[in-house]
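Asker: If you read the sequences in order, they're chains A and B.
Mind the numbering: the first sequence is residues 652 to 911 in this note's numbering, read in order.
Mind the numbering: the second sequence is residues 652 to 911 in this note's numbering, read in order.
FYI, nobody ran anything at the bench for these hints, they're computed from the structure.
Any given hint could turn out to be false.
[Unchecked claim] The list that follows gives simulated cross-link-like pairs (lysine-lysine, BS3-like), each with its CA atoms no further than 27 Å apart:
hint: 1; chain 1: A; residue 1: Lys847; chain 2: A; residue 2: Lys653
hint: 2; chain 1: B; residue 1: Lys733; chain 2: A; residue 2: Lys737
hint: 3; chain 1: A; residue 1: Lys827; chain 2: A; residue 2: Lys737
hint: 4; chain 1: B; residue 1: Lys737; chain 2: A; residue 2: Lys847
hint: 5; chain 1: B; residue 1: Lys904; chain 2: A; residue 2: Lys800
hint: 6; chain 1: A; residue 1: Lys903; chain 2: B; residue 2: Lys800
hint: 7; chain 1: B; residue 1: Lys739; chain 2: A; residue 2: Lys904
hint: 8; chain 1: B; residue 1: Lys904; chain 2: A; residue 2: Lys739
hint: 9; chain 1: A; residue 1: Lys733; chain 2: A; residue 2: Lys682
hint: 10; chain 1: A; residue 1: Lys847; chain 2: B; residue 2: Lys739
hint: 11; chain 1: A; residue 1: Lys903; chain 2: A; residue 2: Lys653
hint: 12; chain 1: B; residue 1: Lys800; chain 2: B; residue 2: Lys851
hint: 13; chain 1: B; residue 1: Lys800; chain 2: B; residue 2: Lys739
hint: 14; chain 1: A; residue 1: Lys737; chain 2: A; residue 2: Lys860
hint: 15; chain 1: B; residue 1: Lys653; chain 2: A; residue 2: Lys904
hint: 16; chain 1: B; residue 1: Lys653; chain 2: A; residue 2: Lys739
hint: 17; chain 1: B; residue 1: Lys847; chain 2: B; residue 2: Lys800
hint: 18; chain 1: A; residue 1: Lys904; chain 2: B; residue 2: Lys800
hint: 19; chain 1: B; residue 1: Lys903; chain 2: A; residue 2: Lys904
hint: 20; chain 1: A; residue 1: Lys860; chain 2: A; residue 2: Lys904
hint: 21; chain 1: B; residue 1: Lys737; chain 2: B; residue 2: Lys653
hint: 22; chain 1: B; residue 1: Lys851; chain 2: A; residue 2: Lys904
hint: 23; chain 1: B; residue 1: Lys904; chain 2: A; residue 2: Lys653
hint: 24; chain 1: B; residue 1: Lys851; chain 2: A; residue 2: Lys733
hint: 25; chain 1: B; residue 1: Lys847; chain 2: A; residue 2: Lys903
hint: 26; chain 1: A; residue 1: Lys827; chain 2: A; residue 2: Lys851
[Claimed, not checked] Not everything, but these chain B residues come out facing chain A in the computed CB check (under 8 Å):
hint: 27; residue: Ser679
hint: 28; residue: Leu779
hint: 29; residue: Leu878
hint: 30; residue: Leu895
hint: 31; residue: Ile910
Backbone N, C-alpha and C define an ideal beta-carbon position, used for all residues, glycine too.
What follows is the residue order along each chain.
There are 2 protein chains.
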Amino acid sequence: MKIGIIGGGSIATFLLQSINVERTLPNSTVKSVLLRRPEVAEEWESRYGIDGYQDLNAFLDSGIDIVVEAATVQAVHEYAEKVIAKRKDLVIISVGALVDQTLYQNLREACRQNGTRITLPSGAIGGLDVIHSAYASGQLESVSLTTRKPPLSLIGREVETEEVVFEGTATEAISKFPKNINVAIVLSLAGLGSDKTTVKIVADPQATKNTHCIEATGAFGRMSIQLENDPMPSNPKTSYLAALSVLSSLKKKTEYISIG
Amino acid sequence: MKIGIIGGGSIATFLLQSINVERTLPNSTVKSVLLRRPEVAEEWESRYGIDGYQDLNAFLDSGIDIVVEAATVQAVHEYAEKVIAKRKDLVIISVGALVDQTLYQNLREACRQNGTRITLPSGAIGGLDVIHSAYASGQLESVSLTTRKPPLSLIGREVETEEVVFEGTATEAISKFPKNINVAIVLSLAGLGSDKTTVKIVADPQATKNTHCIEATGAFGRMSIQLENDPMPSNPKTSYLAALSVLSSLKKKTEYISIG
């Protein structure tokens, strides 16, 4: 599988290191990267053996099978439909873009017309397999997410006892905490949608890491999942699991026998 | 998507009811069923609008896109390679068959040669998305499963306090509890393999339902998931989530935008 990446940040670097240096994906390589800065392109060309592009069409015509967007919400708005129109599968990391219902529906329709697929990595959370299963036949009743973070990183000050910073629907959480809330978006898309998924964000003086707890109920029974996320070694602001989940999405495309 | 089912039991019935009667999968229908008993075939033909077959080749040539094995381990041994050779994607429910490493490797190779995919539904458990992500780049350290069941259903007698019926590797659990342990097989395949996945089975007088707890650790951090499984309305011996996960696997094949 020949992969193209849009973006020049820490996720792009992680993918290049994993795939092109450590060879974690069988028979796969990152061939092309679309990024703004020519000096980074030049450095990556020699370090990772990729071709760097500043022009989208040249990037899309460079012999790649699949594109990973690892840039920004703006990049999704700007490039996603064009990627699909060129019949490339697409992995979208900046899932915040899909809050825009018009974009979501346009991308879905473009995939249908071009016979392509968009994959959203599960990010810093999990148990989405259970939620997808429960939802598949209308058997999902409730989904709630509780995110706990160290106070300083969340609200910029210390607190003595835990402080509920937000409690409400995922829709509200997404608009009030746009930087923190990719998990709420993916969770909403996996199940009941953002109006029916509830979110609680807690500044917790006991928390040394970001933790997410998801509870779901339905005719299947009950699920509860707790995740304690360690940061990426190369970028303390990103959960390592979120980066690994991108690799997981790509790996699934290459598996002949897979689970889910 | 035109679906063919191998099997005439409760999962087959559930899929027919969900897909052909309740129309839970967009633009999809079960077209053909391979089953042993002609009288069931006849009844299902009129009830669900399917075509019943006793002959595998006639079934495979009936215009179906994908096959769901919902029968037995023996049926996987007998039919799976032939399904793949006809270039049909395959969903395998009787995952116990894949304990046979030779069969597993043969199926994988057959998929590679024919450009097809085998999917294993996540069954009565979840969080396999996290395990797959952690494993994708060698970042998974430990995976353990604790299954609790009501004593009577597990060991045929009541106990006063909880009794650990088994503790060891998934490999041992699979050979000692073949009927109970599909979850251990799927969990092993998702991550560290059956020699490195640990399993504990507990007869719990407090348990009114089957519950599964999975813990995983690695460079990503830590995951803990608890599942309380309600039974299928139509078959108290099967977890409803296991049935729903089959529908989920099929639904993913029809989604243009999906998570995972």
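Asker: Hints numbered earlier in the text: which of these fail when held up against the supplied structure?
Answerer: 1, 2, 3, 4, 5, 6, 10, 13, 14, 18, 20, 22, 24, 27
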